[in-house]
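Per my numbering, the sequence shown starts with residue 24, numbered consecutively.
It is worth saying that the hints were derived from the structure and are not from the lab. A few of these clues could be false.
Claimed, not checked - Beta-carbon label-pair distances, calculated as ranges:
1. His52 <-> Glu115: 15 to 25 Å
2. Ala90 <-> Leu117: 18 to 28 Å
3. Asp34 <-> Pro124: 13 to 23 Å
4. Leu70 <-> Pro124: 13 to 23 Å
5. Val28 <-> Leu70: 21 to 31 Å
6. Ser47 <-> Pro124: 37 to 47 Å
7. Gly35 <-> Arg77: 36 to 46 Å
8. Ala99 <-> Arg62: 29 to 39 Å
9. Gly41 <-> Ala106: 15 to 25 Å
10. Gly41 <-> Pro80: 17 to 27 Å
11. Thr122 <-> Asp63: 36 to 46 Å
12. Asp63 <-> Gln94: 15 to 25 Å
Note that the structure is predicted; figures quoted are calculated from it, not measured. Ideal Cβ positions, reconstructed from N, Cα and C, are used throughout, including at glycine.
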Amino acid sequence: MTGYVRPVLTDGGIRRDGRKAIGSVSARHSAAAARRLVRDSAVLVSLLWAAEDRVFPIEHARRYADALGAQPRTVADSYTYLAEDQPERTAEALRGLLTEPS
Numbered sequence: 024m025t026g027y028v029r030p031v032l033t034d035g036g037i038r039r040d041g042r043k044a045i046g047s048v049s050a051r052h053s054a055a056a057a058r059r060l061v062r063d064s065a066v067l068v069s070l071l072w073a074a075e076d077r078v079f080p081i082e083h084a085r086r087y088a089d090a091l092g093a094q095p096r097t098v099a100d101s102y103t104y105l106a107e108d109q110p111e112r113t114a115e116a117l118r119g120l121l122t123e124p125s
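Please take these sequences and the hints and turn them into a complete structure.
Here it is in structure tokens:
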């Protein structure tokens, strides 16, 4: 994880480009895409969320879950990079989702 996080912490150009990219995301387009997903999708949705994440707070998961008719599940002792912080728990949750009866 250090290999892709360190440059963000040490290179102002990378941070500037990241802010530019994230700032170009339109809330209107994101909301429209979310509405289409809810309207047009019949797939199983599971939200696995990092419990201590300050970048993407659990309230975001709750809103997504409400819109998708899903239930968010949190993973303790995890942050923004959930699969990096808790790979075993992430894999366990995925196995459970893929093997539970429909």
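Hints and how they fare:
no., hint, verdict
1, His52 <-> Glu115: 15 to 25 Å, "violated (34 Å)"
2, Ala90 <-> Leu117: 18 to 28 Å, "holds (22 Å)"
3, Asp34 <-> Pro124: 13 to 23 Å, "violated (48 Å)"
4, Leu70 <-> Pro124: 13 to 23 Å, "holds (20 Å)"
5, Val28 <-> Leu70: 21 to 31 Å, "holds (24 Å)"
6, Ser47 <-> Pro124: 37 to 47 Å, "holds (42 Å)"
7, Gly35 <-> Arg77: 36 to 46 Å, "violated (22 Å)"
8, Ala99 <-> Arg62: 29 to 39 Å, "holds (34 Å)"
9, Gly41 <-> Ala106: 15 to 25 Å, "holds (20 Å)"
10, Gly41 <-> Pro80: 17 to 27 Å, "holds (19 Å)"
11, Thr122 <-> Asp63: 36 to 46 Å, "violated (26 Å)"
12, Asp63 <-> Gln94: 15 to 25 Å, "holds (21 Å)"
Of the hints listed earlier, those the structure fails to meet are numbers 1, 3, 7 and 11, in rising order.
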